[in-house]
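One letter stands for each residue in the lines below.
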Amino acid sequence: AQKITQTQPGMFVQEKEAVTLDCTYDTSDQSYGLFWYKQPSSGEMIFLIYQGSYDEQNATEGRYSLNFQKARKSANLVISASQLGDSAMYFCAMRGFTGGFKTIFGAGTRLFVKA
Amino acid sequence: EAGVAQSPRYKIIEKRQSVAFWCNPISGHATLYWYQQILGQGPKLLIQFQNNGVVDDSQLPKDRFSAERLKGVDSTLKIQPAKLEDSAVYLCASSLDSRTGGMGNEQFFGPGTRLTVL
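In order, the protein sequence lines correspond to chains A and B.
The numbers in the first sequence follow this note's numbering, run straight up by one, and end at 1330.
The numbers in the second sequence follow this note's numbering, run straight up by one, and end at 124.
Be a bit skeptical, because a hint or two may be false.
Said to hold, decoys possible - Derived DSS-like pairs: lysine-lysine, alpha-carbon spacing no greater than 25 Å straight-line:
no., chain 1, residue 1, chain 2, residue 2
1, B, K84, A, K1317
2, B, K50, A, K1317
3, A, K1218, A, K1288
4, A, K1317, B, K68
5, B, K89, B, K68
Claimed, not checked - Footprint (simulated), chain B over chain A, 3 or more residues, beta carbon under 8 Å:
no., stretch
6, 1260 to 1272
7, 1315 to 1327
Calculated from the structure, these hints are not laboratory results.
Beta carbons are placed, not taken as given, at the ideal position from N, Cα and C, and that holds for glycine.
All chains, full assembly: derive it from the sequences and hints.
Here's what the structure looks like:
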C-alpha cells in the first residue's frame, strides 16, 4: 500500500532563513510522482513543486526545492529565504500506478515564520 | 484562466439532513476529484472522475455519499443523511488527464466548502 509520512506537526523558522520540511513515502511502484502543496489559512491548496521518480535532478521552483533521496524514500521540501507569507500548512503527496493514479496526502506540517 | 469554482463556501446543517456541493473544474481538465479534509488532517480522496466516468470511489461512503459528473464537466457531491463526523472541508480539484498526461499533472484546487453538521 502507498503511504506518505510527515513527522513534523509544526515547525518554526526565522524570517529569511531556510527550512526543511520532511516527507517519507512508501510504495512498490517503480514509477511515481511526488508533490508538495501549500495550504494557507484561506484553505485553498496551492501546488508548489513536483518530482518524478525517474528524474535524476532534484526539482526546483524559485525558493522551493525538493531534496529527493530515492533509496531512502524521502522527498523533503526546502524553502529558502523564508517569508512571513510562507506561514501555512504544507502537504506532501504521492501519485503512482498502484493507486490507479490516485493521489494520497500526508498529514501535513504547519510552518510558522517568525519576524 | 478561471480556477476551480465551488459553492457554497459554507454550509451548516442538522444531522440527518441532506446537503449538496457543486464544482466547476478548469476548462479542458478531464480529471475531477472530490476530497474530504477533516480538521488537522490531509485531504482524503472520496471520488475521482475521468471525464464522466468514475475512476476511483473506494473511499466514498456509498450508503450516504453520492457524486455525479454529467457531461464530463460540472460535478455535484451529495450527502444524505449527514452525520456529525461528516463535518469537514470538501475540496474539489481538477487536472489534465492523469492517465495519459503522466504523473506530473498537478491538481488545481477550488476554495472548498466548509460543512458543519450539528
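Against the structure, the hints:
1. B:K84 with A:K1317: The given pair, whose Cα atoms are some 21 Å apart, holds under the 25 Å limit.
2. B:K50 with A:K1317: 10 Å, holds
3. A:K1218 with A:K1288: Holds, at about 11 Å.
4. A:K1317 with B:K68: With Cα atoms ~18 Å apart, K1317 (chain A) and K68 (chain B) stay inside 25 Å; holds.
5. B:K89 with B:K68: Holds, at roughly 13 Å.
6. 1260 to 1272: holds (count 6)
7. 1315 to 1327: n = 9 at 8 Å, threshold three: holds.
Every hint, counting from the list given before, is met by this structure.
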